[in-house]
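Engineer: These are the residues of each chain, in order.
2 protein chains.
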Amino acid sequence: MDFRFQLLSRSAGARRGVIRTPHGAVQTPAFLPVGTQGTVKALTPRALRETGVQMVLGNTYHLYLRPGPEVIEQAGGLHRWMGWEGPILTDSGGFQVFSLSSLRTLSEEGVEFRSHIDGSKHFLTPEKVIALQAAFGSDILMVLDECPDPGKDRLYLEKSLELTTRWARRSREAHRRLTGQRPLGALFGIVQGGLYAELRRRSVEQLLELDFPGYAIGGLSVGEKKEEFERTLALTAPLLPEERPRYLMGVGTPGDFLLAVGLGIDLFDCVMPTRAARNAAVFTPAGRVSIRRAEFKSDPRPLDETCDCYTCRHFSRAYIRHLFVAREILGAVLATVHNVRFFARWMARIRQSIEEDRFERFCAEQRNRWSAFTDNEEGAPPD
Amino acid sequence: MDFRFQLLSRSAGARRGVIRTPHGAVQTPAFLPVGTQGTVKALTPRALRETGVQMVLGNTYHLYLRPGPEVIEQAGGLHRWMGWEGPILTDSGGFQVFSLSSLRTLSEEGVEFRSHIDGSKHFLTPEKVIALQAAFGSDILMVLDECPDPGKDRLYLEKSLELTTRWARRSREAHRRLTGQRPLGALFGIVQGGLYAELRRRSVEQLLELDFPGYAIGGLSVGEKKEEFERTLALTAPLLPEERPRYLMGVGTPGDFLLAVGLGIDLFDCVMPTRAARNAAVFTPAGRVSIRRAEFKSDPRPLDETCDCYTCRHFSRAYIRHLFVAREILGAVLATVHNVRFFARWMARIRQSIEEDRFERFCAEQRNRWSAFTDNEEGAPPD
Numbered sequence: 015m016d017f018r019f020q021l022l023s024r025s026a027g028a029r030r031g032v033i034r035t036p037h038g039a040v041q042t043p044a045f046l047p048v049g050t051q052g053t054v055k056a057l058t059p060r061a062l063r064e065t066g067v068q069m070v071l072g073n074t075y076h077l078y079l080r081p082g083p084e085v086i087e088q089a090g091g092l093h094r095w096m097g098w099e100g101p102i103l104t105d106s107g108g109f110q111v112f113s114l115s116s117l118r119t120l121s122e123e124g125v126e127f128r129s130h131i132d133g134s135k136h137f138l139t140p141e142k143v144i145a146l147q148a149a150f151g152s153d154i155l156m157v158l159d160e161c162p163d164p165g166k167d168r169l170y171l172e173k174s175l176e177l178t179t180r181w182a183r184r185s186r187e188a189h190r191r192l193t194g195q196r197p198l199g200a201l202f203g204i205v206q207g208g209l210y211a212e213l214r215r216r217s218v219e220q221l222l223e224l225d226f227p228g229y230a231i232g233g234l235s236v237g238e239k240k241e242e243f244e245r246t247l248a249l250t251a252p253l254l255p256e257e258r259p260r261y262l263m264g265v266g267t268p269g270d271f272l273l274a275v276g277l278g279i280d281l282f283d284c285v286m287p288t289r290a291a292r293n294a295a296v297f298t299p300a301g302r303v304s305i306r307r308a309e310f311k312s313d314p315r316p317l318d319e320t321c322d323c324y325t326c327r328h329f330s331r332a333y334i335r336h337l338f339v340a341r342e343i344l345g346a347v348l349a350t351v352h353n354v355r356f357f358a359r360w361m362a363r364i365r366q367s368i369e370e371d372r373f374e375r376f377c378a379e380q381r382n383r384w385s386a387f388t389d390n391e392e393g394a395p396p397d
Numbered sequence: 015m016d017f018r019f020q021l022l023s024r025s026a027g028a029r030r031g032v033i034r035t036p037h038g039a040v041q042t043p044a045f046l047p048v049g050t051q052g053t054v055k056a057l058t059p060r061a062l063r064e065t066g067v068q069m070v071l072g073n074t075y076h077l078y079l080r081p082g083p084e085v086i087e088q089a090g091g092l093h094r095w096m097g098w099e100g101p102i103l104t105d106s107g108g109f110q111v112f113s114l115s116s117l118r119t120l121s122e123e124g125v126e127f128r129s130h131i132d133g134s135k136h137f138l139t140p141e142k143v144i145a146l147q148a149a150f151g152s153d154i155l156m157v158l159d160e161c162p163d164p165g166k167d168r169l170y171l172e173k174s175l176e177l178t179t180r181w182a183r184r185s186r187e188a189h190r191r192l193t194g195q196r197p198l199g200a201l202f203g204i205v206q207g208g209l210y211a212e213l214r215r216r217s218v219e220q221l222l223e224l225d226f227p228g229y230a231i232g233g234l235s236v237g238e239k240k241e242e243f244e245r246t247l248a249l250t251a252p253l254l255p256e257e258r259p260r261y262l263m264g265v266g267t268p269g270d271f272l273l274a275v276g277l278g279i280d281l282f283d284c285v286m287p288t289r290a291a292r293n294a295a296v297f298t299p300a301g302r303v304s305i306r307r308a309e310f311k312s313d314p315r316p317l318d319e320t321c322d323c324y325t326c327r328h329f330s331r332a333y334i335r336h337l338f339v340a341r342e343i344l345g346a347v348l349a350t351v352h353n354v355r356f357f358a359r360w361m362a363r364i365r366q367s368i369e370e371d372r373f374e375r376f377c378a379e380q381r382n383r384w385s386a387f388t389d390n391e392e393g394a395p396p397d
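Protein chains in written order, with our numbering: chain A, 15 to 397; chain B, 15 to 397.
Just chain A, with the same shape it has in the complex:
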């Protein structure tokens, strides 16, 4: 397995690194747009590459249900299937099973659930989830975890965490058994434990024994308060080993990245830029703006005057507003191009500030503009 993480430089708590995968390098900190169903919604792979995105996330839960692993494997893996030549990280489906599907039954063995598409029954185990991601040919695989509501009581969260650890061990073993048999990506563990400092610590300790090449923090940005998010992230991130990449799952806003990068996080994924775009919400240096607003009816300026994306080089706010008002597909396409490019440029600026050892200054300059917490106002399930 051709996976390597190298730290290049630091600035305050932030790290500048590079992850090497069989499909190329990822300069960190990095943001991964979400390609749930084998497509980053509304973008061709060419348009995606042009945004400067380095790696995308695929959802194992969705791809397992549709089109199914056989179809993707037969096509030569997820990269060839979707026409994306860069690195791909797939999640384990744990989060979706607990957020999208109905009638879950959790057991030591795994989780039974009904498909959100057709109600059909399915059973996922840690081993099966590894096999699925191996069939996809993912560059980074994630272990199956239980992602409990952080509002559950401590006893529930403790038991959940212990189960997640036992599943992580089985995932690690399944991954080891497959190693050598076929090209296989790197497997990351996922820290759980809700908002309890002690449970988070215990989760990290147990996972470290399994010696994963990378660690994710799960179960955050799932409805908790801003203070709880920050406190839990601040106590968990420093427990993770320096020399391994750290991935904060499902986060977040430009402001969240400042906070989390400052705590040593290297990877992020979120549906925010793509989902916001489809809802006519575009990211600009002045914040997030609804391009439907009447004030843009004749506005000849690009969405973001500082942006170099295809959309901002060719189209006016007035035109893009019109596309949304007239319900034209091209509105979603052009807004997605811009938002993904906005996030890619934002991460590039963060990386540069670390290289030049002025990360704290960069944060001080930008923080007022981007309050650090996920404000995904649509509140819909992940796309």
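Think of the hints as simulated: they come from the structure by calculation, not from any bench.
Careful: at least some of the hints might be erroneous.
No copy is singled out in the list; a pair is fine if it fits within one copy or between any two copies.
[Said to hold, decoys possible] The calculated lysine-lysine pairs, modelled on DSSO-like cross-linking and capped at a C-alpha distance of 27 Å, are:
| # | residue 1 | residue 2 |
| --- | --- | --- |
| 1 | K311 | K142 |
| 2 | K135 | K311 |
| 3 | K239 | K135 |
| 4 | K166 | K239 |
We have chain A already, so just place chain B on it with the hints.
Structural biologist: Same frame as chain A, but now just chain B:
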């Protein structure tokens, strides 16, 4: 006004020509995809250019209602507004007023109608329709016509035709008055007359007196039988002057083009390739196929193995089927790229067969495959 039509060669009844406009040349026979609301649905202008399309059609009715002519004029015209640098033909709105809007009141002066969007009342006159298209900066403008149901009685159609001629005269005069005041495209007349040979002849005679730089045949492919379509086209097309471009409005299928080009038609527009694409219907050398069909679930081949479009160079039938089944925007995008490219290549092959004086042989080889008549099975109003 920088408009010129030049005949380059002939083969049987078919003509190979070139139309020169202020925004570039159009090699004829040519197919214009429809960009109803200032966008060829689902395509960026870049993707559109890559399909080999030379000219697009914009709908005056839609653009008048939304975003309104002021917005487009302020943006520097329709070309700049929508980011399409090539030639644009706009229709007059006549067809849409009679097919989309409700509560029409026709008078000598013009037509009052209610918007299909918000029910608001509007009044269009021949003069206003010229002013609208002048504001858009169209390369080819069309006169306002009444587009009656061909099933109406002869007396109705005769009166309608006479009104259309009087409107054509007023349009011509309005266009002359604007000439010199601002850059202005060429104005085409529209032949009406339903399915009556004598009325079609009379319409042509009356329009010829007005000396338009190009002539369109309207009121066909609007619900009549295949034989009626062919007969009416065959008797109307030869009446039009040799040295002017001839435009068959709202047509059609690959087979329709063979028939109509053979009768000397130079220009076509139709929503078929774009609308079919959004409904998962793709054009292939074997005919029109629904890519949703289960047989494509694991099919690794491109939509069309002879095609050089972006879609066929990068994606499998299986993947595109998946995108439609999963209701992903990218399905419509990729299928539209292919269908528009298919139509553009088809017209290029027709042009080449004329240049090489083997048009009849080309038709004989292809006609079994493409029966000549619009089979727009969706039956929905124009997009």
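Engineer: All hints are to be evaluated individually against the structure, with a verdict given for each.
Structural biologist: For each hint, the structure was consulted:
For the homomeric pair K311 and K142, the shortest alpha-carbon distance between copies (23 Å) is at most 27 Å, but the shortest distance inside one copy (52 Å) is not. Within a single copy, K135 and K311 get their C-alpha atoms only as close as 49 Å, which misses the 27 Å cut-off; across copies the closest is 21 Å, which meets it. In the homo-oligomer, the alpha carbons of K239 and K135 never lie at most 27 Å apart, since the shortest distance is 34 Å inside one protomer and 51 Å across protomers. When the C-alpha separation of K166 and K239 is checked against a cutoff of 27 Å, the pair qualifies only within one copy, where the shortest distance is 15 Å, while the shortest distance between copies is 68 Å.
In summary, the structure is inconsistent with hint 3 from the numbered list given earlier, while agreeing with all the others.
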